[in-house]
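J.: Quick mapping for you: the protein sequence lines, in order, are chains A and B. Numbers in our numbering are just positions in the first sequence, counted from 1, shifted up by 3. Numbers in our numbering are just positions in the second sequence, counted from 1, shifted up by 16.
The set of hints was computed from the structure by calculation and includes no laboratory data. Since this is a predicted model, take the numbers as computed values, not measurements. C-beta atoms are modelled at their ideal positions from N, C-alpha and C, and glycine is treated no differently. Mixed in with the good hints, there may be bad ones.
[To be verified] In the DSS-like style, the derived pairs of lysine-lysine whose C-alpha atoms are separated by at most 25 Å in a straight line are:
hint: 1; chain 1: B; residue 1: Lys207; chain 2: A; residue 2: Lys31
hint: 2; chain 1: B; residue 1: Lys261; chain 2: B; residue 2: Lys301
hint: 3; chain 1: A; residue 1: Lys5; chain 2: B; residue 2: Lys509
hint: 4; chain 1: B; residue 1: Lys301; chain 2: B; residue 2: Lys120
hint: 5; chain 1: B; residue 1: Lys509; chain 2: B; residue 2: Lys300
hint: 6; chain 1: B; residue 1: Lys261; chain 2: B; residue 2: Lys304
[Unchecked claim] Sample of chain A residues facing chain B (criterion: CB under 10 Å; computed from the structure):
hint: 7; residue: Ala17
hint: 8; residue: Val20
hint: 9; residue: Gly33
hint: 10; residue: Asp39
hint: 11; residue: Thr104
hint: 12; residue: Ile126
hint: 13; residue: Ala130
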Amino acid sequence: MKKSERIAAMFITAGGVWIMFYAWHTLKLGSIQVPDAGLMPFLAGAGLSILGIAWAWISRGKDERPRRFFEPGIWSRPVFSVALMVIYALAFENIGYITSTLAFMVAWQKLIEKERWGKTIAISILAAAAMYALFVYFLKVPIPPELFLR
Amino acid sequence: MEIFSGLLNGFSIALTGTNILFAFIGALIGTAVGVLPGLGPAATIALLLPITYIISSPVTAIIMMAGIFYGSMYGGSTTSILLNLPGEAASVVTCIDGYQMAKKGRAGAALGISAIGSFIAGTVAVIGLTLFAPPLAEFALDFGPPEYFALTTLGLLLAVTLSGRSIVKGLILLVFGLLFAMVGLDPISGKIRFTFGSIGLQGGFDFVTMAMGVFGLGEILYNLETTIKTEIVTTKIGKVFPTLKDWADSKWAILRGSAIGFFIGIIPGGGAVISSLASYAIEKKYSKHPEEFGEGAIQGVAGPESANNAASSSSFIPLLTLGIPGNAAIAMIFAALMIQGITPGPFLVVEHPDVFWGVIASMYLGNGMLLVLNLPLVGLWVQMLRVPYGILAPVIVLFTTIGVYSVQNQVFDIYSMLFFAVIGYGMRKLDFDPAPLPLAFVLGPMVERSLRQSLLISGGDPAIFVTRPISGTLIAIFVLLIAGQCILSIKRKMGRKKKSVNP
Numbered sequence: 004m005k006k007s008e009r010i011a012a013m014f015i016t017a018g019g020v021w022i023m024f025y026a027w028h029t030l031k032l033g034s035i036q037v038p039d040a041g042l043m044p045f046l047a048g049a050g051l052s053i054l055g056i057a058w059a060w061i062s063r064g065k066d067e068r069p070r071r072f073f074e075p076g077i078w079s080r081p082v083f084s085v086a087l088m089v090i091y092a093l094a095f096e097n098i099g100y101i102t103s104t105l106a107f108m109v110a111w112q113k114l115i116e117k118e119r120w121g122k123t124i125a126i127s128i129l130a131a132a133a134m135y136a137l138f139v140y141f142l143k144v145p146i147p148p149e150l151f152l153r
Numbered sequence: 017m018e019i020f021s022g023l024l025n026g027f028s029i030a031l032t033g034t035n036i037l038f039a040f041i042g043a044l045i046g047t048a049v050g051v052l053p054g055l056g057p058a059a060t061i062a063l064l065l066p067i068t069y070i071i072s073s074p075v076t077a078i079i080m081m082a083g084i085f086y087g088s089m090y091g092g093s094t095t096s097i098l099l100n101l102p103g104e105a106a107s108v109v110t111c112i113d114g115y116q117m118a119k120k121g122r123a124g125a126a127l128g129i130s131a132i133g134s135f136i137a138g139t140v141a142v143i144g145l146t147l148f149a150p151p152l153a154e155f156a157l158d159f160g161p162p163e164y165f166a167l168t169t170l171g172l173l174l175a176v177t178l179s180g181r182s183i184v185k186g187l188i189l190l191v192f193g194l195l196f197a198m199v200g201l202d203p204i205s206g207k208i209r210f211t212f213g214s215i216g217l218q219g220g221f222d223f224v225t226m227a228m229g230v231f232g233l234g235e236i237l238y239n240l241e242t243t244i245k246t247e248i249v250t251t252k253i254g255k256v257f258p259t260l261k262d263w264a265d266s267k268w269a270i271l272r273g274s275a276i277g278f279f280i281g282i283i284p285g286g287g288a289v290i291s292s293l294a295s296y297a298i299e300k301k302y303s304k305h306p307e308e309f310g311e312g313a314i315q316g317v318a319g320p321e322s323a324n325n326a327a328s329s330s331s332f333i334p335l336l337t338l339g340i341p342g343n344a345a346i347a348m349i350f351a352a353l354m355i356q357g358i359t360p361g362p363f364l365v366v367e368h369p370d371v372f373w374g375v376i377a378s379m380y381l382g383n384g385m386l387l388v389l390n391l392p393l394v395g396l397w398v399q400m401l402r403v404p405y406g407i408l409a410p411v412i413v414l415f416t417t418i419g420v421y422s423v424q425n426q427v428f429d430i431y432s433m434l435f436f437a438v439i440g441y442g443m444r445k446l447d448f449d450p451a452p453l454p455l456a457f458v459l460g461p462m463v464e465r466s467l468r469q470s471l472l473i474s475g476g477d478p479a480i481f482v483t484r485p486i487s488g489t490l491i492a493i494f495v496l497l498i499a500g501q502c503i504l505s506i507k508r509k510m511g512r513k514k515k516s517v518n519p
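Go ahead and model the full structure; you've got the sequences and the hints to work with.
T.: Next up, the structure:
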């Protein structure tokens, strides 16, 4: 079993136990005649903790592949892109849709794809314009206004 | 007769200008995502869910989504044959003989026979859907909470066991799906669950944000690790119309594939992938020249491609009649119906005959459109493979972000989508098949409601699930299935031990 799998199985089991406690303590189980809001979460939590143990038990020992969860060299692309997406979501409302979209596209092409400047700018403008046309012009989605126009 | 008049009514709806246009858009998008590796039909329908809020007519929205689903089955074969890379999961097996045919200069014949096989199978399955769905819906009208509890749990369990991946991992995702669906207000007691003081979570997680995160962005993040290389084996496709000999060689494979696909597609969790694998195995087993399989046997393309199309159409049967989605893409369509205020289930044919028959009728049209889109225009789709993933990925991110924002105009939804994207990425890294998650998410409220209502009806007596004939039968199947799985795995372990003792 890979280390990442062992950690995930442990988290799942612990999470299941915590959900059982939360369901019993906070939500209340009720009685079998009149089940309360906690019954299903309790059952789900119990299932989760058992499954976590079962997962660890079944895959114990086998499959000690050299491949790691975060392999050097490739982990950066998904991690950077999630970071970019979070920044994009933050900027979305604060600095306006068009500015943030252009900035996001430029950042993606430069940081993740390592694209040349000319191509980066062309792709960014085209993509932002296409999104604007589809969502704002055709589908009439109200977008956050630009900071410099407020 | 009722079926005939219903279908006629359906055609009068499907043949309006708007609906023809949206069926065409669906077929077009479906073919495109089928061709593009790394973007499946479930992800695409998830990405387009926000658009269903804008399309005012439910029939039109569902016609488009259905078109994407069965359209992707047509497109998937193109990439398999020309690139030896499945355009989507159900075309994995087409790579084996399809690519060999292309290497021998018979790409055109392979593409042609898979389009024609898909058309025949799609049409056969829609005829089956037309004939089987109405009586099944009528039968399901008598179902009460215990029957629904038994049916939904059986459906979920089948979806996990049949997926062919790790059962324990499938069950873990199933429980996660149920738990995510519980977040927010409990409809029976009025209590708030799992919100931890967040006001944004009080309304619960939205299916759209979950689906777009896990399927849309999760897939993108995972694909960012590997650069998908698109090297086309041949740019010369040649004649796409099969010769008489090709046709004679593959006609029975197409018909067998249609039947296999139709029946496997009805079972939750069955679907397109398993049916194409089953069809390939059967064609190879009953062929007079099994040695040709793997070397470019046309039956190895015709059978599986027919089967996956038939399965994608027949998987609408449990959705439209019982309200139970059997695979991830159908779960997205389930959600699209709910967004439009329509609860899929046995009452659909009575309460919304326009949706029920309109969608079925549109499938006859859609299959015809797809034949035209795929036979003469196949060269055009091949060109699309030249769009680099480096452009496609950020554009999809832009699309999902504004798409999810447009649903309720709140940035909170974008964060919640990103949360699910990270979960979806982690799932793929740990070898989880994400399909059970949306199924459990959409069925979760039904499972919980029917369990609690059943216990209320019976005064807390759990025997209610086994004493009623239909739910009793379903529970019996459920138990047999679990017992069968346990026996199988024990036998396998024993066999392995014997082998290791006497190698």
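J.: Next, verify each hint and record whether it holds.
T.: Verification of the supplied hints:
no.: 1; hint: Lys207/B / Lys31/A; verdict: holds (10 Å)
no.: 2; hint: Lys261/B / Lys301/B; verdict: holds (21 Å)
no.: 3; hint: Lys5/A / Lys509/B; verdict: holds (21 Å)
no.: 4; hint: Lys301/B / Lys120/B; verdict: holds (24 Å)
no.: 5; hint: Lys509/B / Lys300/B; verdict: violated (28 Å)
no.: 6; hint: Lys261/B / Lys304/B; verdict: holds (16 Å)
no.: 7; hint: Ala17; verdict: violated (13 Å)
no.: 8; hint: Val20; verdict: violated (13 Å)
no.: 9; hint: Gly33; verdict: holds (8 Å)
no.: 10; hint: Asp39; verdict: holds (6 Å)
no.: 11; hint: Thr104; verdict: holds (6 Å)
no.: 12; hint: Ile126; verdict: holds (6 Å)
no.: 13; hint: Ala130; verdict: holds (5 Å)
When each numbered hint is compared with the structure, violations occur for hints 5, 7, 8.
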